[in-house]
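Keeping their order, the protein sequence lines are chains P, W, L, V, Z and G. According to this note's numbering, the stretch in the first sequence is residues 1 to 284, in order. According to this note's numbering, the stretch in the second sequence is residues 1 to 284, in order. According to this note's numbering, the stretch in the third sequence is residues 1 to 284, in order. According to this note's numbering, the stretch in the fourth sequence is residues 1 to 284, in order. According to this note's numbering, the stretch in the fifth sequence is residues 1 to 284, in order. According to this note's numbering, the stretch in the sixth sequence is residues 1 to 284, in order.
Simulated from the structure, these hints should not be mistaken for lab results. Don't take each hint at face value.
[What the hints assert, rightly or not] SDA-like mimics (lysine to any residue), calculated; alpha carbons at most 25 Å apart, straight line: (1) Lys43/P to Lys233/W; (2) Lys66/P to Ser284/V; (3) Lys165/W to Glu197/W; (4) Lys180/P to Arg152/L; (5) Lys165/G to Val41/Z; (6) Lys268/Z to Pro79/G; (7) Lys66/G to Ser62/P; (8) Lys268/V to Glu244/L; (9) Lys66/Z to Asp64/L; (10) Lys43/W to Asp166/P; (11) Lys43/W to Val118/W; (12) Lys66/W to Trp89/Z; (13) Lys268/G to Glu249/Z; (14) Lys68/G to Trp89/P; (15) Lys165/G to Arg37/Z; (16) Lys180/Z to Gly254/V; (17) Lys66/G to Glu119/P; (18) Lys66/W to Lys180/P; (19) Lys68/W to Arg12/W; (20) Lys231/Z to Lys43/V; (21) Lys233/P to Asn217/L; (22) Lys165/G to Lys180/Z; (23) Lys165/G to Ile82/Z; (24) Lys268/Z to Arg78/G; (25) Lys233/G to Gly209/W; (26) Lys180/Z to Gly150/V; (27) Lys180/V to Gly123/Z; (28) Lys66/V to Lys268/G; (29) Lys66/G to Trp89/P; (30) Lys180/W to Asp282/P; (31) Lys268/W to Trp89/P; (32) Lys43/L to Asp275/L; (33) Lys165/W to Asn39/P; (34) Lys180/W to Arg228/W; (35) Lys268/P to Glu245/W; (36) Lys43/V to Gly240/L; (37) Lys180/V to Gly254/Z; (38) Lys165/W to Glu55/P; (39) Lys233/W to Gly173/W; (40) Lys43/V to Asn217/L.
Given the structure is predicted, the values throughout are model-derived calculations rather than measurements.
6 protein chains.
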Amino acid sequence: MIYSLLIEDVVRRALREDVGTGDVTTLATVPADIRARANIVAKGTGVVAGLPVLEEVFRQVSPDIKIKFIREDGAWVRPGDILCEIEGWARAILTGERVALNFIQLLSGVATRTASFVELVAGSGARIVDTRKTTPGLRLIEKYAVTVGGGRNHRMALDDAVMIKDNHIVAAGGIAAAVKRARNAVPHTMTITVECETLEQVDEALIAGADVLLLDNMDNETRAEGVRRAKGKALTEASGSITEETAAEIAATGVDILSVGALTHSSKALDISLDIIETYQDLS
Amino acid sequence: MIYSLLIEDVVRRALREDVGTGDVTTLATVPADIRARANIVAKGTGVVAGLPVLEEVFRQVSPDIKIKFIREDGAWVRPGDILCEIEGWARAILTGERVALNFIQLLSGVATRTASFVELVAGSGARIVDTRKTTPGLRLIEKYAVTVGGGRNHRMALDDAVMIKDNHIVAAGGIAAAVKRARNAVPHTMTITVECETLEQVDEALIAGADVLLLDNMDNETRAEGVRRAKGKALTEASGSITEETAAEIAATGVDILSVGALTHSSKALDISLDIIETYQDLS
Amino acid sequence: MIYSLLIEDVVRRALREDVGTGDVTTLATVPADIRARANIVAKGTGVVAGLPVLEEVFRQVSPDIKIKFIREDGAWVRPGDILCEIEGWARAILTGERVALNFIQLLSGVATRTASFVELVAGSGARIVDTRKTTPGLRLIEKYAVTVGGGRNHRMALDDAVMIKDNHIVAAGGIAAAVKRARNAVPHTMTITVECETLEQVDEALIAGADVLLLDNMDNETRAEGVRRAKGKALTEASGSITEETAAEIAATGVDILSVGALTHSSKALDISLDIIETYQDLS
Amino acid sequence: MIYSLLIEDVVRRALREDVGTGDVTTLATVPADIRARANIVAKGTGVVAGLPVLEEVFRQVSPDIKIKFIREDGAWVRPGDILCEIEGWARAILTGERVALNFIQLLSGVATRTASFVELVAGSGARIVDTRKTTPGLRLIEKYAVTVGGGRNHRMALDDAVMIKDNHIVAAGGIAAAVKRARNAVPHTMTITVECETLEQVDEALIAGADVLLLDNMDNETRAEGVRRAKGKALTEASGSITEETAAEIAATGVDILSVGALTHSSKALDISLDIIETYQDLS
Amino acid sequence: MIYSLLIEDVVRRALREDVGTGDVTTLATVPADIRARANIVAKGTGVVAGLPVLEEVFRQVSPDIKIKFIREDGAWVRPGDILCEIEGWARAILTGERVALNFIQLLSGVATRTASFVELVAGSGARIVDTRKTTPGLRLIEKYAVTVGGGRNHRMALDDAVMIKDNHIVAAGGIAAAVKRARNAVPHTMTITVECETLEQVDEALIAGADVLLLDNMDNETRAEGVRRAKGKALTEASGSITEETAAEIAATGVDILSVGALTHSSKALDISLDIIETYQDLS
Amino acid sequence: MIYSLLIEDVVRRALREDVGTGDVTTLATVPADIRARANIVAKGTGVVAGLPVLEEVFRQVSPDIKIKFIREDGAWVRPGDILCEIEGWARAILTGERVALNFIQLLSGVATRTASFVELVAGSGARIVDTRKTTPGLRLIEKYAVTVGGGRNHRMALDDAVMIKDNHIVAAGGIAAAVKRARNAVPHTMTITVECETLEQVDEALIAGADVLLLDNMDNETRAEGVRRAKGKALTEASGSITEETAAEIAATGVDILSVGALTHSSKALDISLDIIETYQDLS
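Please model the complete structure; the sequences and the hints are all you need to start from.
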């Protein structure tokens, strides 16, 4: 519902960027009375995400365009799978094509990468979450793509949860002081996460009443001990350059959460194309 | 100069997205009178791009921040290399950190990928150019990063050059008709590119007076023949899923231009971090 | 620091609204080379809040204006107290006057009302917090004024914490189901508040693992029992038409939090004026 | 008609402020296919104002919502009176509820306060008008609420009428000079108001050709004499901290206009709530 | 002072429109370290207007640019006259040139046309005023240019004065009814103008208490009679396709005001150019 | 299609500028339930341009308005010709009237002027194109009006083609160097125009590979020789204060293009009015 307000902005910006003062090629070569049918088709294998964004792109280019969804966000697709069918003015379809594909390829890439991590930790009870390492301007839709891929979201921004890192600890004069200052300043509805690099810090953070412990830069043995100490008192989160190679092992330490920057900062676009099926003159 | 106007917008949007109503952690834990010195340090190997964007991020967070550049955009860096030194209020540095890094990691990733392609075709005379497959909202700075990596830019948007693809050809009733319509509609300052999938189309496009031939979906032998026919009459461009594996061979066909979507839609972020070196109270 | 970005917007909007295409009276009657000194003076008794907003108003009208603060946000002032001294072009001071006063009168009204509630519950251990019943468009600065008055903030918006009310409970099929759905959907960094109207609901919410119980529509005896049951398991919050008459008694039930809509929806502006002390021609 | 353009902006801003990236509670607990019927119900006594703004709020949240108005702006309502009935998706109604109520409570508060002043001066021939002491960002709708309450509007902003106050008089070198300068500078369609604190100033302003005299800081006897002198030559306006206690007496002096800042800067919100009547699953 | 806020917007829009993603020619051919001195020079004869807008253009392109004004807005200039001297980075001066000239040529054209009308009615006591027939988006600065040319402004927009035309009269059921409705609806600070096409309407409008009579579509003899009847009771305004040929005669009827749409909708740009005097490398 | 996005902005800005907080006259005098039929009628002779913009104006004022087009953009009209018929709420039609007319009068003026130039060079083979000397903020629609009048467009902005002028040549160290720098910096899809003031420069530019030669400040004999030398190698463009008096002779030199600033900076508005045909009460 209200999400659409935010998608509207990001799509409008993308269209202005790509279309500028007009798609000169299409306006010059395609008569105004030609209609077209087209399919959005997967060319690679992965989890599709972003169909509502694609729909918004075409809606903004031409309210007249009709889209029939064959697959929905979250579906696994293989090369050749049709994601949706589009019908409308040929000019509008050609003009919106690139922006629509840029969005859905990016978001499907994020969802696919997320699904791969989720599978790697399946059975461990750990959840895969995103980070703030998102593409500037696209955080909301990238975080949406993470959920489509089976992941969960971390905080959205600097304003909705406390995360005390080493520099904050130093500036505040220790973990206890930092947590206390934060608890006294922020709404009672906010949680506090404390980054811990040693087991001593784990103990300090637990005594200080942290809600979540970020177990960073630890070997997995130490991390497992940290998890043990926190059990029942705080959630535990592992972070820091987690890769497909290391995810399963880290999950095996019993941490509740693996936050993975690579979901959003280094995903590969899923190849998806728009194929024109038919064009015809509208004689009406 | 005027570029800054556009960077300003994209940076402001990113800061609003990440900071929201305020960095609650930093405001609660770091006193207002603490200053800090920090370094931006490479953690991976690649071509750095985006230092002016990073500078704009910190300028918007706090006009007081001073940045001393040690390396410049275009420099190859290795793990441990310091890119720049930052000095200012600790709160401002911590609040701007993530957004600044998100930009520079993304852009350095694009520049690094570009440099790799440029190296692969070195000596062939072909240029590596980008496409419109850019991240929505970030086209201008991503295209800038391509030039930093030694690549060149293709058209910026749908409004600044004609590119006639298969669907336009069908709609216009052939290559000759499409080129003629376009030439009659667009400013005399615009060039016309025609996508050719066969040598017959190459001949048609040359007769029609195309400025650039996009030799798509051809084996390299056919492409080389297309290049030969176009020599002295039109530029030639190869396109379509060009990879590190295929670039050199394609360049060897003699095409003038290789346009590579992967430069911008599937680059891996270059790992870069912000390390606080020192904090101290400002007693003034 | 980054707060200024948000204040900038709200102030710009207010100035556009009040100044429109220009302050015709001042432009017509006050020569451009007249400078003035003025004081911002309290005409009523209360807690001053909003001096940084007032400063931003004058900064936007004329960067040249100098302001010397005599009192700071949070100070109790009485009629005649000077809050700050202003020096600059007479035209700018007169043009910015009304908007500056509108802000500071409103915000000081909020801070004063808050301080009054805080005093009423002093010693009880309960904190006074605001609600989402703020003036549309001014939430952030009104919530700031609440903290200036000694209050604390509740969640900022619908996106930063879960608050399950009766309609959500009904729709989800009970408290347990609602909490479970929410826990599975939102980031692990978010807390969940559940509105309880009976002690049965208190028990259900505690079993479901709610972080905060909103004890609404209860007599104080029942509320005290709810607090007793929640002790050590969840925070407790009283809400709903809390007035100066009822606040102390409610606080005596032991609740951790009293959320008071009246802080922001029904405060009386604190009377504050701008007095021109001197005008003189700038002969330079 | 065009008013809607302005209401749109102010409502959009309020929704962005309150909903942020999404109503996490409702999205998590209320299924997408649940519809609801709700009533907007008065909990206090007063003049309702702002129903079109409430309608715009729900329209922006979900174009699908239907509203049936039972009362209209300007109606006196008592606790229990239904103002309108709402039908639509449950999620949309719950998400828009707070913003809709914030607007209508504020505006009804203004209208109610205005009606009270209007009643106090009934029969005197004087009109109650607002001032520029409005809530920053909401001037237009607050001034609308004043008219709903039976009051009239003063100038909208600094750009649509001349109002010469003491500082302008000093800067221009007297009333005559100030009026002359203004008459020579502003469009012939603008009127000139002069603030007079003594009867000498009244005479000067009348000779200078002022259209309206603002009789400020005068006892009522002097004010009555000022009114007598101005009769047939200029309108007279009383201003300055007019309260419910003093309004009738001031009106009895014969002034044409009482401008009352309290209408907008210190009104108490009228208590109004949204009650869900029924929810049901949409099986279509 | 606050005017600058509005000029800022209109200039930013113009720069975005003309510079787009960058001045590719200048960036490619002019090294970054070249500075230049340039003059703004009149190539035609007329009244210069818009120097502050020109200054804002260059300020936005590069804050470093220095401008020394030789002439000021309102000065009559002849071919060869230097209006101002500019010094700064060569790139910035070349990039801002066209937008700066577009503004100053347009505004000087308006001022010059105005001055010509003012001269034609000199001695008659009538004032030349503008209309709402301004260039969309540029009303404020065009109305400013009218004052620079010695003209005066009419109302700024539909919201700051009442002007009752034939269609309003018909809809309201006559002049008396229309004036009464308006008087009862608008602030007491607004004046009412009534369009009169016959002497009967003049009498009606005077009885109804109109502040200004718009004597439209009358021969000058009738208009003079209308002026006579209105004398001392209302201002009189002539309107409707007033040209340089007819202005003096119309003024001779004794009307107070001639409103001339041609000032803004059909002025010829004054020819003004930017001449580079010198360029040099900045070795610092 | 996407053009509408840009027209939307420019129309919204114009409406805000003209309507402000509301059309006070119409709201006061015209009842809400009156409907009207009106015609848009030519009062002068020329080429009509801007009907889609007029349509957008009324659409924004009231989505309910119906417009039936009698003539289309590009039609020659004479006094009395009806361009379109409008039906809708009387208030909306009266409120939108001025803005709609301001647009269509301006754009029809541009189209008419263009048509006059096109006719003057008919048969010569030369095309009439516009320049960047457009009204700030209206470039896109003015350039559209040029095409409606039979002209063609030059580059849209500084970012879509290279145009090397004297200052660029000096800064780069000669034509050859300037062209080379530009060719190496800009996309291969961009053309390069070089301004030539002598035949030597023509030769240099041709050798350097310029795509277009701008033959400026030449007598027609020299220009004709320039054209001869460029034939088959580059397009030729004449520029610089081309008037109706000189256009035909310049075209006779054989240049391909005449770029005429006067099309957009000095056109006279075409007189067009809105006539109310009928008003009636809507009893539904």
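Hints and how they fare:
Only pairs whose Cα atoms come within 25 Å are accepted, and Lys43/P paired with Lys233/W is rejected, the gap being roughly 35 Å. For the hint linking Lys66/P to Ser284/V, the alpha-carbon distance of about 20 Å falls within 25 Å, and the restraint holds. Straight-line distance between C-alpha atoms of Lys165/W and Glu197/W comes to about 10 Å, which keeps the hinted pair within the 25 Å bound. Proximity of Lys180/P to Arg152/L is assessed by CA-CA distance (about 15 Å); at most 25 Å being required, the pair is judged to hold.
A hinted pair counts as satisfied when its Cα atoms are at most 25 Å apart, and Lys165/G with Val41/Z qualifies at roughly 18 Å. Note on Lys268/Z and Pro79/G: the hinted pairing holds, with a Cα-Cα distance of about 24 Å set against a maximum of 25 Å. Using a Cα cut-off of 25 Å, the hinted pair Lys66/G and Ser62/P holds, with the two alpha carbons roughly 20 Å apart. Pair hint Lys268/V plus Glu244/L holds up; C-alpha atoms about 15 Å apart against a cutoff of 25 Å.
Note on Lys66/Z and Asp64/L: the hinted pairing holds, with a Cα-Cα distance of about 19 Å set against a maximum of 25 Å. Of the supplied pair hints, the one linking Lys43/W and Asp166/P holds, its CA atoms being roughly 19 Å apart against a limit of 25 Å. Distance hint between Lys43/W and Val118/W is fulfilled; the C-alpha atoms sit about 23 Å from each other, no more than 25 Å. Simply put, Lys66/W and Trp89/Z have alpha-carbon atoms about 23 Å apart, close enough for the 25 Å limit, and the pair holds.
Restraint check for Lys268/G and Glu249/Z: satisfied, since their Cα atoms lie roughly 24 Å apart, inside the 25 Å limit. For the suggested pair Lys68/G and Trp89/P, the alpha carbons sit about 23 Å apart, so the restraint of at most 25 Å is met. About 17 Å separates the Cα atoms of Lys165/G and Arg37/Z, which keeps this hinted pair within 25 Å; it holds. For the suggested pair Lys180/Z and Gly254/V, the alpha carbons sit about 21 Å apart, so the restraint of at most 25 Å is met.
With a C-alpha separation of about 57 Å, the suggested pair Lys66/G and Glu119/P falls outside the 25 Å cut-off, and the hint is violated. A threshold of 25 Å between alpha carbons decides the hint, and for Lys66/W with Lys180/P the separation of about 32 Å lies outside it, so the pair is violated. At most 25 Å may separate the alpha-carbon atoms for a hinted pair to count; Lys68/W and Arg12/W meet this at roughly 22 Å. A C-alpha spacing of about 57 Å is found between Lys231/Z and Lys43/V, which places the hinted pair above 25 Å, so the restraint is violated.
As the CA atoms of Lys233/P and Asn217/L are separated by approximately 32 Å, the hinted pair breaks the 25 Å bound. Among the hinted pairs, Lys165/G with Lys180/Z is inconsistent with the structure: their alpha-carbon atoms are about 63 Å apart, more than 25 Å. With a C-alpha separation of about 22 Å, the suggested pairing of Lys165/G with Ile82/Z holds against the 25 Å cut-off. A threshold of 25 Å between alpha carbons decides the hint, and for Lys268/Z with Arg78/G the separation of about 24 Å falls inside it, so the pair holds.
Between Lys233/G and Gly209/W the CA atoms are separated by roughly 13 Å; this keeps the pair inside 25 Å, and the hint holds. About 17 Å separates the Cα atoms of Lys180/Z and Gly150/V, which keeps this hinted pair within 25 Å; it holds. Among the hinted pairs, Lys180/V with Gly123/Z is consistent with the structure: their alpha-carbon atoms are about 20 Å apart, no more than 25 Å. With a C-alpha separation of about 49 Å, the suggested pair Lys66/V and Lys268/G falls outside the 25 Å cut-off, and the hint is violated.
Note on Lys66/G and Trp89/P: the hinted pairing holds, with a Cα-Cα distance of about 23 Å set against a maximum of 25 Å. At roughly 23 Å between alpha-carbon atoms, Lys180/W and Asp282/P fall within 25 Å of each other, so this suggested pair holds. Between Lys268/W and Trp89/P, the direct Cα distance comes to roughly 37 Å. Violation of the 25 Å bound is thereby established for this hinted pair. Only pairs whose Cα atoms come within 25 Å are accepted, and Lys43/L paired with Asp275/L is accepted, the gap being roughly 11 Å.
Restraint check for Lys165/W and Asn39/P: the C-alpha separation of about 17 Å stays at or below 25 Å, so the hint holds. Proximity of Lys180/W to Arg228/W is assessed by CA-CA distance (about 24 Å); at most 25 Å being required, the pair is judged to hold. This hinted pair checks out: Lys268/P and Glu245/W have alpha carbons roughly 17 Å apart, not beyond 25 Å. With a C-alpha separation of about 13 Å, the suggested pair Lys43/V and Gly240/L falls inside the 25 Å cut-off, and the hint holds.
At most 25 Å may separate the alpha-carbon atoms for a hinted pair to count; Lys180/V and Gly254/Z meet this at roughly 21 Å. At roughly 23 Å between alpha-carbon atoms, Lys165/W and Glu55/P fall within 25 Å of each other, so this suggested pair holds. For the suggested pair Lys233/W and Gly173/W, the alpha carbons sit about 23 Å apart, so the restraint of at most 25 Å is met. Annotation: proposed proximity of Lys43/V to Asn217/L holds, straight-line Cα distance about 15 Å (limit 25 Å).
Checked against the numbered hints given earlier, this structure breaks hints 1, 17, 18, 20, 21, 22, 28, 31; the rest are met.
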